[in-house]
Amino acid sequence: MKTSMERVLTAMEHREPDRVPVFILTTLHGARELGLSIRDYFSRAEYVVEGQLRLLEKYRSDCLDPAYYAALELEAFGGETVFIEDGPPNAGAPVIDRIEAIDRLVPPRVEESAGLLRGLETIRRLKAQVGDSVPIIGSVTSPFSLPIMQLGFAHYIELIYEQPDRFSRLMAVNQQFCVEWANAQLEAGATAIGYADPMASTTTIPRDLYLRTGHPVARETLARINGSAAVHLASGRGLAIAEDFVATGAAAIAVSTLEDLADWKAAVGDRLTLIGNLNGIAMRNWSEEQAEEEVKRAIAKAGRGGGFVLADNHGEIPWQVPDRVLLAIRDAVDRWGRYPLDWVGQAGAGA
Amino acid sequence: MTNELAQALESVDRARVEAIFQQALRQHSPIQVAEQLIVPALQQLGDDWSAGTAALSQIYMASRICEQLVRRVLPPAAPERRHHPPHAIVVLNDYHLLGQRIVLAVMQASGFDIRDYGRMDVEQLVERVVADDTKILLISVLMLPAALKIKAVRSALAEKGHEVRIAVGGAPFLFDPQLWREVGADAMGQSATDAVAIVRQWMEEMA
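Quick mapping for you: the protein sequence lines, in order, are chains A and R.
Just so it is clear: in the first sequence, position 55 is 55 by this note's numbering, and no numbers are missing.
Just so it is clear: in the second sequence, position 113 is 464 by this note's numbering, and no numbers are missing.
Calculated from the structure, these hints are not laboratory results.
These numbers come from a predicted model, not from an experiment.
We put the beta carbon where it would ideally sit given N, CA and C, even for glycine.
Don't take each hint at face value.
Label pairs and their calculated CB-CB ranges [as the list claims (entries may be wrong)]:
1. R:R423 with A:I99: 18 to 28 angstroms
2. R:E431 with A:R109: 54 to 64 angstroms
3. R:S362 with A:A262: 27 to 37 angstroms
4. A:V246 with R:R422: 41 to 51 angstroms
5. R:A558 with A:D323: 43 to 53 angstroms
6. R:E369 with A:L34: 40 to 50 angstroms
7. A:E85 with R:D483: 27 to 37 angstroms
8. A:Q320 with R:P437: 28 to 38 angstroms
9. R:P437 with A:R109: 49 to 59 angstroms
10. R:E431 with A:D208: 35 to 45 angstroms
11. R:R551 with A:E162: 24 to 34 angstroms
12. R:K511 with A:A172: 50 to 60 angstroms
13. A:P164 with R:G469: 22 to 32 angstroms
14. A:R109 with R:P528: 39 to 49 angstroms
Using the sequences plus the hints, can you model the full thing?
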């Protein structure tokens, strides 16, 4: 196995590559590599390109993660981003300040958003650097989850329960935008799309309501995206609706650290690739030994037969996680992730 | 009746919730209904959420419905509400207000007269806590950087010689069970309804 691309694609075909692929999903750490503030880092595509390439070399991840921050999409709708010095940029005030504004909302065009164009430029430049050797993971917020930022979480929940017609209209607008943004990233060189859908999680919404709302939206949206998608629940639970995720047509699902990878593997078999599920919050205090144990445990639970990519459970490693932990995770993958995983199932394997 | 109310809340069945509430009011005082019916029903939902069998959207809608019902019979400054010692809730350095809104609604529906500080940074919060002589402070966060800022709140209040008990809640504390101690909090709530039990206990200890 020569490249990360081959390794990841083999795993996603539910076959065993040379070793378990690992995604070290660091969007913010590039700023530190370049000695820039997070705000400055995200102000130019060339900074993010350089940051991602340095992180690729340092952590030897099996993907590039050119995502900026979720509020970038809100900027396209006229929203503002609030930068902090030690964490991911936040969405500012909701762009839909009155619920009636949904009736007149139109989807923004990707080509008219400076932030999204910067994101596309980043992907294009990375693709020019790595070609087909390393997967480039694009990202979108699902139409069903974007309103958390567009309206504010509380108002959005009220909308879902109380105003089904306006909810449907908002979904139509968001879906058009999401599909255009995802496909633009694929055209720019992204290998696959991370489809962030925390609203779909059973942590957030009950299954029966999801099946009437977010699920058809996900099915329709993913069918219109011209590439593979990995659904991400931003650490929320999803095992109880595993079958429903299979039915969306997604290729992969990111698993919460609150759930057991072995349970997921038993539930979905070779129908979804599992990504996860190291605890990104707790890992900032891990020792090197703990990092190794956690890697070992995850691989033991889900590694056999392929269909597994080791990663954190949130899709973004916090700024506070030190290099020594990330390097220990990466070293542990070399030590314990080589196929065939003969050590799995033996005494002390950690599963 | 508690189970029946919890089920109606979980289904977001306003008419059923209203009927159960009115039935209870025919037999008990408003504060008794708040403390003996609403609190246990919301607690049941909160436990279900912690166990992964209820969802945040249900908790939010339930807390909002209960808050509206209780507010009708127990206005915010009603003498039957628990006022002392002064207690408040805040979202620290964060732009995610849902958790705070749920806890606020649950506390108000449970008969507390809690102050709502909205969103504040460390400096604003310390000033306000001292000015109000707040003795119990509930801090809600979503992001890890905001959770880590609680340490600065604690040390700034200690420097000013202001004694306050701090309970924290929010996603980072669920993913790292040691984090609440690390930031100098006195307690951590797994779900919004835990706040009721924590504040009740502290009020009794401070009485």
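Going down the list of hints, with the structure as the test:
1. R:R423 with A:I99: 18 to 28 angstroms: For I99 of chain A against R423 of chain R, whose Cβ atoms are near 24 angstroms apart, the range 18 to 28 angstroms holds.
2. R:E431 with A:R109: 54 to 64 angstroms: Hint holds: Cβ distance 56 angstroms, inside 54 to 64 angstroms.
3. R:S362 with A:A262: 27 to 37 angstroms: holds, 33 angstroms
4. A:V246 with R:R422: 41 to 51 angstroms: holds, 44 angstroms
5. R:A558 with A:D323: 43 to 53 angstroms: Cβ of A558 of chain R to Cβ of D323 of chain A: about 50 angstroms, so the range 43 to 53 angstroms holds.
6. R:E369 with A:L34: 40 to 50 angstroms: violated, 58 angstroms
7. A:E85 with R:D483: 27 to 37 angstroms: Once the Cβ atoms are compared, 29 angstroms apart, the range 27 to 37 angstroms for D483 of chain R and E85 of chain A holds.
8. A:Q320 with R:P437: 28 to 38 angstroms: holds, 33 angstroms
9. R:P437 with A:R109: 49 to 59 angstroms: holds, 52 angstroms
10. R:E431 with A:D208: 35 to 45 angstroms: holds, 38 angstroms
11. R:R551 with A:E162: 24 to 34 angstroms: holds, 32 angstroms
12. R:K511 with A:A172: 50 to 60 angstroms: Because 53 angstroms falls inside the window, the suggested range holds.
13. A:P164 with R:G469: 22 to 32 angstroms: With Cβ atoms ~31 angstroms apart, the hint holds.
14. A:R109 with R:P528: 39 to 49 angstroms: Once the Cβ atoms are compared, 46 angstroms apart, the range 39 to 49 angstroms for P528 of chain R and R109 of chain A holds.
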